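Enquirer: The listed protein sequences derive, respectively, from chains A and B. With this note's numbering, letter number 207 in the first sequence gets 239, and the count goes up by one each step, no holes. With this note's numbering, letter number 221 in the second sequence gets 253, and the count goes up by one each step, no holes.
It is possible that some hints are incorrect.
[As the list claims (entries may be wrong)] Using 20 angstroms as the maximum straight-line C-alpha spacing, the simulated DMTMM-like pairs for lysine to aspartate or glutamate come out as follows:
#1 A/Lys-171 - B/Asp-122
#2 B/Lys-134 - B/Asp-122
#3 A/Lys-134 - B/Glu-198
#4 B/Lys-171 - A/Asp-165
#5 B/Lys-171 - A/Asp-166
#6 A/Lys-59 - B/Asp-166
#7 A/Lys-59 - B/Asp-122
#8 B/Lys-134 - A/Asp-121
[Stated by the list, open to error] Now the stretches of chain B that chain A is said to cover, found in silico as 3 or more residues with beta-carbon under 8 angstroms:
#9 46-58
#10 83-96
[Said to hold, decoys possible] Which stretches of chain B does chain A cover? Using the computed rule of at least three CB atoms under 8 angstroms from a CB of chain A, they are:
#11 61-72
#12 189-201
#13 291-301
#14 314-327
I should point out that these hints are in silico values taken from the structure, not numbers from a laboratory. For clarity, every value in this text was computed on a predicted model and none was experimentally measured. Ideal Cβ positions, reconstructed from N, Cα and C, are used throughout, including at glycine.
2 protein chains.
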Amino acid sequence: MVDQNYENYLAIVNEHILDFLPEIDNKSITLYDSMKYSLMAGGKRLRPVLLLGACEMCGGDVNAAIPYACAIEYVHTYSLIHDDLPCMDDDDLRRGIATNHKVYGEDIATLAGDGLLNSAFEAMYRDMFLYFDDPDALKARVRAAYEIAKGAGCTGMIAGQVADVESEGKACSPEMLDYIHLNKTAALITAAVRAGAMLGNADKKMLDDLTDYAEAIGLAFQIQDDMLDVTGTVEELGKNVGMDKELSKTTYPAVHGMDASKARADELHELALDSIADYYDNAEFFINIVEALRNRRK
Amino acid sequence: MVDQNYENYLAIVNEHILDFLPEIDNKSITLYDSMKYSLMAGGKRLRPVLLLGACEMCGGDVNAAIPYACAIEYVHTYSLIHDDLPCMDDDDLRRGIATNHKVYGEDIATLAGDGLLNSAFEAMYRDMFLYFDDPDALKARVRAAYEIAKGAGCTGMIAGQVADVESEGKACSPEMLDYIHLNKTAALITAAVRAGAMLGNADKKMLDDLTDYAEAIGLAFQIQDDMLDVTGTVEELGKNVGMDKELSKTTYPAVHGMDASKARADELHELALDSIADYYDNAEFFINIVEALRNRRK
C-alpha cells in the first residue's frame, strides 16, 4: 500500500469531499443526490491527494488547499460520469457499482456532470474571496485554479477525450497515442501537482521539477493501465495505486508491443524519481507513489 | 428592433466570440469545429450584450469586459448543446439549423458542451492574470466570474434544468414553476447584468437596482416565451428580442391561465423600469430592451 501520508491526505479529502458543493435547495435534491452518489462511489482520490502532497512538500498549508483538492476531484468525477454515458463508453458499472446514468437516468447524469464541473469553479472562487486582503495569496489561488481549468479543458483532458473518441476503430500513430495519453490522463494529474505546488508557493525550479515528475507518472499510469488491460489484472492495480480503470481503445501495447511498453514505464518511473532527486529528504510521499507503482508491476 | 447600442454591443460580441477559446491543437480540430459551429449558429447574444451594457452604464470600460461577455455566451451555448441532446429535449433543429449532435454526433456534442463551459472559466482566468498589479480590478474580476459561475451552476441554471426535467409530465405548483423559471432562465440573465455591473465598479445601490431589473426581465422573458408557445408566434418573438426558443414543458399559461400570464408580464416590465428609474438619463439601452419586449407583445 501507499505510505502513511497518502492515507492521511485521503482521509482529509474524504472528510471534506461534499463540503464545497453549493448549498443546494431542497427542490434540487435529485441533482445533489446524483452528484453525491458519484463523489462517494469510491476511488483512491489520486488527484486531490497529489495536490495536497505537492502543497505540503512546497511548504504550504494543507488545510488551505482543501477546496482546490476537492475541486479537482469534482472535475475528475464529472469526467467519469460523462465518459460512462451511453453516447460515450456506455458503461453500466464503475468501481463495481452502477454508473450514474444507470441510477439517475441519462438526463440527470448529464446535468450532474455539468453541475460537478461548475461546482469545482464555484468552490475555488468562493475560496478566493477569503484572500481579498492578501494579494499574493489571491494571485496564487488564481494561478492554481487556472492550472486545474487548463488541465481539464480543450488543451488538456477534453482534447484527449475527443482524440480518443475519434481514434476508435482506426489505426493509431505513436504520436497520436502519446497525445491521447498526455491529454486524457496526464494533464489533470499534472494540474493537480502544479496547483498544489502553486498553493504552497513553490519557486520556479521546484514547480518545473514537480511538473516533470507529474507528467512522467501520469503517462506511466496510463501505459500500465494499458498493459494490465492486456494481462487482465487492471482491476487489482487500479485498486492499489488509485488509478481508475480506463479501457483504452487505443493502447500502448497495441501500438508498441508489451516489451517496449514495460521499458517505457520503467523509464518514466526513473524519470519521475530523477525529477525530484533534489528534494529527497522532503519527498517521501512522492517517492513512495513511484515505488508503489513499480512494485505493482512485479 | 432594439436600439443602436444593442447593435453596437452585438457587433463587439460577434467580432470577438471565438477569441477566448483556448489555442486548440490541430489534433483536436473536431472539438474546435464543433464548439465554433454552435457559437456561430446565430442568436441575439442577449446575455453578453446585457453584460456589456451594464458595464458601460456603470461607467466601466466595455473593451475590458469582452472576455466576460464571451465567457457567458460560451456558458449559454454549452447549455443549449446539452439541452438539445437526445437524452434531454432531443431536438434536431435549433434556430433553424441542425443541432450540434446531429452534425458531430452525441459523443462530440457532449464534449463540445463540456469544452465550452470549461473554456468560459479558462478565458476569465487568463484575463485575471492581466490585473495582477491592480488588486481592485483583480477582485472585481473574481467577483464577476463568480457571479457567472453561480448563475450557471447548481443553485442557478442547472438547478432549473433539473427541476424542469423532473417536472415533465407532472402537475406543477405555481411555486415550482417560479423556481424553474427563475433558475433556468433568469439566473444567467441576472448573472450577466451583475457581472457587467461589477466590472464597471457599480456601487451597492446600482448593483441592487440592476439585479432587480434583470430578475424582472428574465422572468418576463420566460413568461412571454410560454405565452407565445400557446399563441404559436414564439419563433418571431424569439428572433426580435433575442430569446432562444425554449419549449417549456411546464408553462406559465398552463398553470396560471393566459390573462394572469399577461398581467404578470406587464407587472414585471413595470417593475424592471421602476428598478432603473434613478438612472433614466443613462439607461436608454435598458429602457429600450423593456420597450422592445413590450411592443412585441402587441
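Enquirer: Could you run down the list of hints and mark each one as holding or not?
Expert: Verification of the supplied hints:
Distance check on the hinted pair: A/Lys-171 and B/Asp-122 sit about 43 angstroms apart at the alpha-carbon level, beyond 20 angstroms; violated. Under the criterion of a C-alpha separation no larger than 20 angstroms, the hint pairing B/Lys-134 with B/Asp-122 is consistent with the structure, at around 10 angstroms. A threshold of 20 angstroms between alpha carbons decides the hint, and for A/Lys-134 with B/Glu-198 the separation of about 16 angstroms falls inside it, so the pair holds. Among the hinted pairs, B/Lys-171 with A/Asp-165 is consistent with the structure: their alpha-carbon atoms are about 10 angstroms apart, no more than 20 angstroms.
Among the hinted pairs, B/Lys-171 with A/Asp-166 is consistent with the structure: their alpha-carbon atoms are about 11 angstroms apart, no more than 20 angstroms. As the CA atoms of A/Lys-59 and B/Asp-166 are separated by approximately 41 angstroms, the hinted pair breaks the 20 angstroms bound. A C-alpha spacing of about 24 angstroms is found between A/Lys-59 and B/Asp-122, which places the hinted pair above 20 angstroms, so the restraint is violated. With a CA separation close to 19 angstroms, the supplied pair B/Lys-134 and A/Asp-121 stays within the 20 angstroms bound.
Evaluation of the coverage hint for the stretch 46-58 of chain B: fulfilled, as 5 residues show C-beta separations to chain A shorter than 8 angstroms, against a requirement of three. Given a C-beta distance limit of less than 8 angstroms, the hint that chain A covers the stretch 83-96 of chain B is violated, as 0 residues qualify and 3 are needed. Proximity of the stretch 61-72 of chain B to chain A, defined as three or more residues with a beta carbon under 8 angstroms from a beta carbon of that chain, is established by the 4 residues found. Here the stretch 189-201 of chain B counts 7 residues with a CB under 8 angstroms from a CB of chain A, which clears the bar of 3, and the coverage holds.
With 0 residues having a beta carbon nearer than 8 angstroms to a beta carbon of chain A, the stretch 291-301 of chain B misses the requirement of three or more and the stated coverage is violated. Only when three residues or more bring their CB closer than 8 angstroms to a CB of chain A does the claim for the stretch 314-327 of chain B stand; here the count is 0, and the claim is violated.
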